[in-house]
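Peer 1: Residue-level listing of the chains:
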Amino acid sequence: MHALLIGNGIAAVTAARHLRRARPDARITMVSDEGATPYARTALMYVHMGALTRTQTALYPERFWRDNRIERIVDRAVALDPAARTVTLADGGPVTYDALLVATGSAPVIPPWPGATLDGVQGLYGWTDLDALERAAPDRPVVVGGGLIGVELAEMLRVRGRPVTFLVRESTYLPAVFTPDESALVADEIRRHGVDLRFGATVEAIEGEARVAGVRLADGATLDADWVGVGTGVAPRVDWLAAPSSRVSGSGLTVRRGVVVDARLRASADGVWAAGDCAELDAPPPGVPPTRPIWYTAREQGAVAGLGMAGADRAYAPGTYFNSARFFGLEWQVYGDAAPGAPGAVWTDGRRSVRLAAAADGRLAGVSALGVRLRAEAVIAMIDERLSVDAARGRLPSAVFDPEFARTLAPARWRPAA
Amino acid sequence: MTHALHLTPTRPESVARVLVAAGAVLGAASLAGAPPATAGAAFALVVAGGLVNALAAFARPPGAPTDGVWFRSNSSRGLVGWAWGAALTGLYVVLYFRPAWLAGWTDAAAPLREALTGATGDGGQWFVYSLLYTTAVVVMGARMLVRHRDSRYQTLRTLSVMAVQTVLAFLLPSLLARLQQPELYLHYTWPLDFDLFFPSGVAALRAEGRLGIVALAWFVALLVVATPVLTYLYGKRWYCSWVCGCGALAETAGDPYRHLGPTGLTAWRVERWMVHGVLALVALVTGLLWAAALTDLAWLDGVAGALSGAYGFYVGALFAGVVGVGFYPLLGSRVWCRFGCPMAAILGLQQRFFSRFRITVNGGQCISCGRCSAFCEMGIDVRHYAQRGQNVVRASCVGCGICAEVCPRGVLRLENGPDTGASRTARATLIEDLDILAD
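Chains as they are written, first to last, in our numbering: chain A, 1 to 418; chain B, 1 to 439.
Incorrect hints may have been included.
Stated by the list, open to error - Facing chain B, a subset of chain A residues (Cβ under 7 Å, in silico):
#, residue
1, M49
2, A51
3, T53
4, G161
5, G194
6, R237
7, P289
8, R292
9, W295
10, S324
11, F401
12, A406
Unchecked claim - Distance ranges between label pairs, derived from CB positions:
#, chain 1, residue 1, chain 2, residue 2, range
13, A, A221, B, R149, 52 to 58 Å
14, A, E134, B, P12, 53 to 59 Å
15, B, A306, A, A36, 22 to 28 Å
16, A, F405, B, F313, 37 to 43 Å
17, A, A36, B, Y314, 41 to 47 Å
18, B, G264, A, G35, 17 to 23 Å
Hints in this document: simulated from the structure, not taken from any laboratory. For each residue, glycine too, the CB sits at the ideal point set by N, CA and C.
For reference, chain B alone in the conformation it holds in the complex:
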C-alpha cells in the first residue's frame, strides 16, 4: 500500500475537520440555549469527526507524525491552536464558575447519567465533564493506536490509559454511585488526590464502613508500596504514561501539542522549584489540617482551612484544570505534570535516585538532529544526553517513548536494568565531557 506522505489533508481528514467544526458550532449553540438535542448532536458530530480522523491515519505511514507540525495552525500556536486553547480554557472556567451555563449539555446527558449513576439533579456538569474527558481519551486514543500501529510499546501503553480511564475513572465510580457506595477513583491517591488524606477525607472513607476501610488501605498501599516498588522496577512511566488520567489525556488528546512545551535551562529550573514546591505545599496543608484536627486550636483550624481552600482552588482547579488542559495548544500537553503535579514530584524523586529505568543511548550513533528534544513533551533536551553518549535519567521523564520513536537512527531505547553508574550521578557540566574516541 502506498503511504500518503504529503501534508495536505486527505479526503477523510477533511471530512473529519468539517464534522468537528460542525459539532463545535452546535455545541456552542447549545450553550446559548438551543434544545438539549443540539448538545447530543454536537457530541455525536465531534466523536464521529474524531474517529474518522483516527481511521484516516491508516493512509499515513505508521509512527509518530512529526512532519508538518510547524506548518499546521493547530499545532504551531496558530489561529486554530489559539481557538482550541480558548475553547478548552473557557470550558474549564464555565465548569468551575458558571456551571449553570452548561444546562443544555447537562440536560442532554441527564438520561445517561441517571442510567449509569442513578443520580439526578445538581452536579450534572461533573458527569458531563467526566464523559467528555473519557470520550476524548478514547477517541484520541484510537488516533494514537492507528498512528503507532507498528509499535507494540505505544499500542499497549495507549490501550492501558484508555482502559484505566474508561473503567477506573468513569464506569467504576458511576457503578459505585449507583450502589450508594463512595465514589472511589482507585488509580488516584494522595497527593494528586489531595483531600483523600485530609482529616475530612479519611473521616469520610471511615464513615463508609468496610469498603471505606479497604479503600483507605488501598490508597495508602498505592502511595507507600506500589509507588516506590513499581517506580524502582519500571520508572515513573508505570503511572504517568500508563495509568494516570492526566497522563491519559496528555498522551491522547494532548499528542498534537507535545512539542509546544517550554524548553531550556530556565524552564527546567522553574519546573523543579514549582513541582517540588507544590509537593511541599500539599504536605504542609495536609500536616496543618491534621495538627488542627488533633489539637482543637481554633486559629490553627482557621489557617489550615484557609490554606487547604486556597490549594484546592489555585492548584486543584486553576492549575490542574484551567491551565493544565486549557493551555495544551499553547504550552504543550504536560504543563500540569511538569510544573504542578505533586505525585509526579514524588515519582520523579524516586526515578532520579532509585530506579532501574533510563533511556539508553546507543554508543556514539547520535547525529544531533534534535528530533528527540523537539518532541519530548516534558521539555527534556534528550539530544544533550544522546550526543554525548550519556544515558538519560531525568526526574521528569514519563517514559512515553516518543523520543525513541522519532529518532531516525535508533539511538534511544527505554530500558529497565541495573544502574550504569555514570548516568545517575553525573552532574551536568558546562563542557561536554564525552570522549567519543575509541581507546
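Looking at chain A on its own, in the form it has when it is part of the complex:
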C-alpha cells in the first residue's frame, strides 16, 4: 500500500502518524515544495522575534521520520489523475498511489486593491513569507486585517523595533467573536505595546511605483508605508487541482472553494482524501462551517483522513469547538459557541475576562477566556453537561489552569453578559 500525502502541514503530518500506527506495512510518502522538514507554522513568528532558531521549529527530530519510515520528497504537485491514481510532480514526474491525501493548506488572500501586487505586499503563511519580511526589514510597515495573523505580524514587527500601523476595517476587534468589552481588552493590550491600532480603517489602494510607498484609506487619508502585511484571510490552496491540466487528464475531483469531501473526508474520486485548510465539507454537521482554516481542525481532520486511508471507517465528528490565540501578552481560549451577543455572565478585573455564553434555553453553550487559562477537559465537560450559567459560574474556579499561586476569579466581579 502506497500512501501519498501532498503537503507538510499539521494535517499531513498527523495523517502520516495515524497511518503508520494503523498500517505498519504501508509505504508513506510526503511531498512538499517547502522543504524536507515539517515545521511548526505557529513558530514562524518566534523565529523573527529571535526566540527560536529555525532548527527548533522542526515538529520532530530527524530520527522520527526515519524510525517511522516516512519518506519525504521536496517537490511540487502539479497535476492529479485519479483514474490512473497518479500525481505528477514538477521535477519528479508521475508518482502512483493507492491512497492520496490532499493537504495543501491555504494561502493568504490579498484583497484586489489597486497596487495589491506591488513589491512589499505580503501575507504570513510559510518560510517564503518570513524570508520576504526579513529581506524587506520595513521602516514604516502597515498591517491590514484585524484577525489572528495581523496581530502576530504586529508583534513581530514591534519586537524588531518597527513602528506599526495596524488597520482594522471593523469598529472593534473580531466583532464576530468578541464582545465590545473583550475587544477593548484586546485593543488596549495591542496599543500598550506601541502599535498604532486604527479601527474603521478601510484600505482603498496601495500606492507606489514598483514598491509600496503608501496606503490610501477610504476616508481619503494616505499613510506613508514601505511594506504592507495582509492578514485578511486565507483561501484553500487547490489551484493545482483546478488547473486545466488535471481536468484534461480526467480528474473527476470536485473542487469548489476547497476540495469537496464527504463525512469521511473522502474526495469525489476513489482513493483520494483531503484534510485541513484545503478541505471543504460537503455536508458539514450543524454549526460547523464547510471550511475552517484553523490549526486544531487541520490536526483533527488529518487524523481522520490518515485512519481512513489506512482502511478504518471513521467519520469526521468534531467535538466541542476549541480555538486559541495570543494577542501580545494576552492569551485567548474559546470553547463551544460563545457568540458575542449571547446572554450569560462575565467575570472581569479590567485586564482579563471570562465570559460564559448561554444558548437560547439559558444553558452554557460556550466560554471565551482572555488572560485566564482554563482546563480544557473541565470546560468542555461544563458545556457538554449543559450546566446553567449559575452552576457554571460556581464550577469555573475549579477549571482555572493558571499557574500555581496565581490569584484569579475573585467572585465579586461577575456581571451579566450582553
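Assemble chain B onto chain A, guided by the hints.
Peer 2: Same frame as chain A, now just chain B:
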C-alpha cells in the same frame, strides 16, 4: 504604561552595560595588582550595573523574556557569551589553583570578612567566593523578580532561593564561624555535600559536641525524611529550584543562558548515565572510606583515600565549579545539575517513580510551537509530551515553571496531584500514540 518590546537596549539597559563593563575592567586591574580599593570599586560598579539592569526590566513586558535571545551575543554563544564563559571559568581556576592571584580581592574583602566571621588570614578567597556567589544570586534574583512580576510562582520561588542563599549559605555560616562553631550549611546534605558523611566528616561533627550531634541528625533527616516526603508531595523542585544553592545561581545568574543546554536523545542518554554514575561513585567512595575506617586495612585506606581525593577534585571542584558554572554561557545553566549532581539523581529517581508532581498538559491545545522545549533549562523536549497530550513526568525536571510561562496557549501547568497513571508508566514510543480524536 507602554511596554518596550524592541530588542535594542533601553537607556538604563545601556547604562547597566557600561557599569558592568567598567567594573569588569577594574576587577581585572585589581587582579593585576592595583590597590584593594580598585576591587571594591569594581564590585560596586558591577552590583550597580546589575541592579540598574534589573530595574530596567520594568519598562519591558512582564514574563520570561524569550525575544531576541538568539540575536544577542551574550545569550547565543557569541563573543560576549564566550567572554563571560572565559571569565567565569578563569575565576574558578584561579580560586582553586592560584588563590594568591586574588590577593587584591581578598584584601578588599578582608574588613567585611573579619566583621562577619571574625576570621583573618588564609582562606580569604573562599569568603570572596561566597560573597560574589551570594551577590550574584541576589542581584540577578532582583532581575528575575522584576521580569516575572506578574507571576507569583516565579516571585515566591525566586525570593526563596535568594533568602536561602543569603541566610543559610552566607550569613549563618559566617555567624557560626564567629561563634567558634562548626561552619554548617543546613541546606546541603550528602551526597551533594559529599564529605559530610565520610568518616572524617562525621568525626568532625561529633567532635563539636551537642551542636555537632544535632547537626548530624539534621543532615540525616534531610536525606532520609525530608527528601522522600517533600519530593513525593511537591516533586524535586522543592529542593532544586527553591532551596539549593546551585539551583539558586542557575535560576538567577544562569537565567540568560537557560536555552543553551544540550538537547536531544543522545544528551538525555548521556545525562542519565552520568548523573547516576556520579551517584554510584559517591556512594562507593563513601562506602569504601567507612570500610577502611572500620577494618584498618592499609591498602583499603589507600584506595579509598585516593578515590575520595579524586572525587573531590574531579567532581567537586572541576565538574561542579569550573564546568558547572564557568560553562553557563556555552552549555546552559544546569550542566552540573543535569549531568553531575548526585543529589539531583536521588531526587530524580524519587520524582520519576514516587511523586505527585507532574506538568499537566491541557488536552489537545498544544500548537507545537516548541517554545517550552527551547527554554527548558534541563533540555527536556517538553513539546514531545505536550503535542501528544501526555503529562510530563521526568526525573530531571526541576519545576522552574518557565515552560508553562513561555507557552503561548496555556497548555502546561505544574501540579501536585494523584497519579494519572499513563504519565508515569508509559514508555517512550517511536510512533506517537496519542489519538487526538474525540470518541
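Peer 1: Against the structure, test the hints numbered earlier, and report the numbers of the ones violated in rising order.
Peer 2: 6, 7, 8, 13, 14, 15
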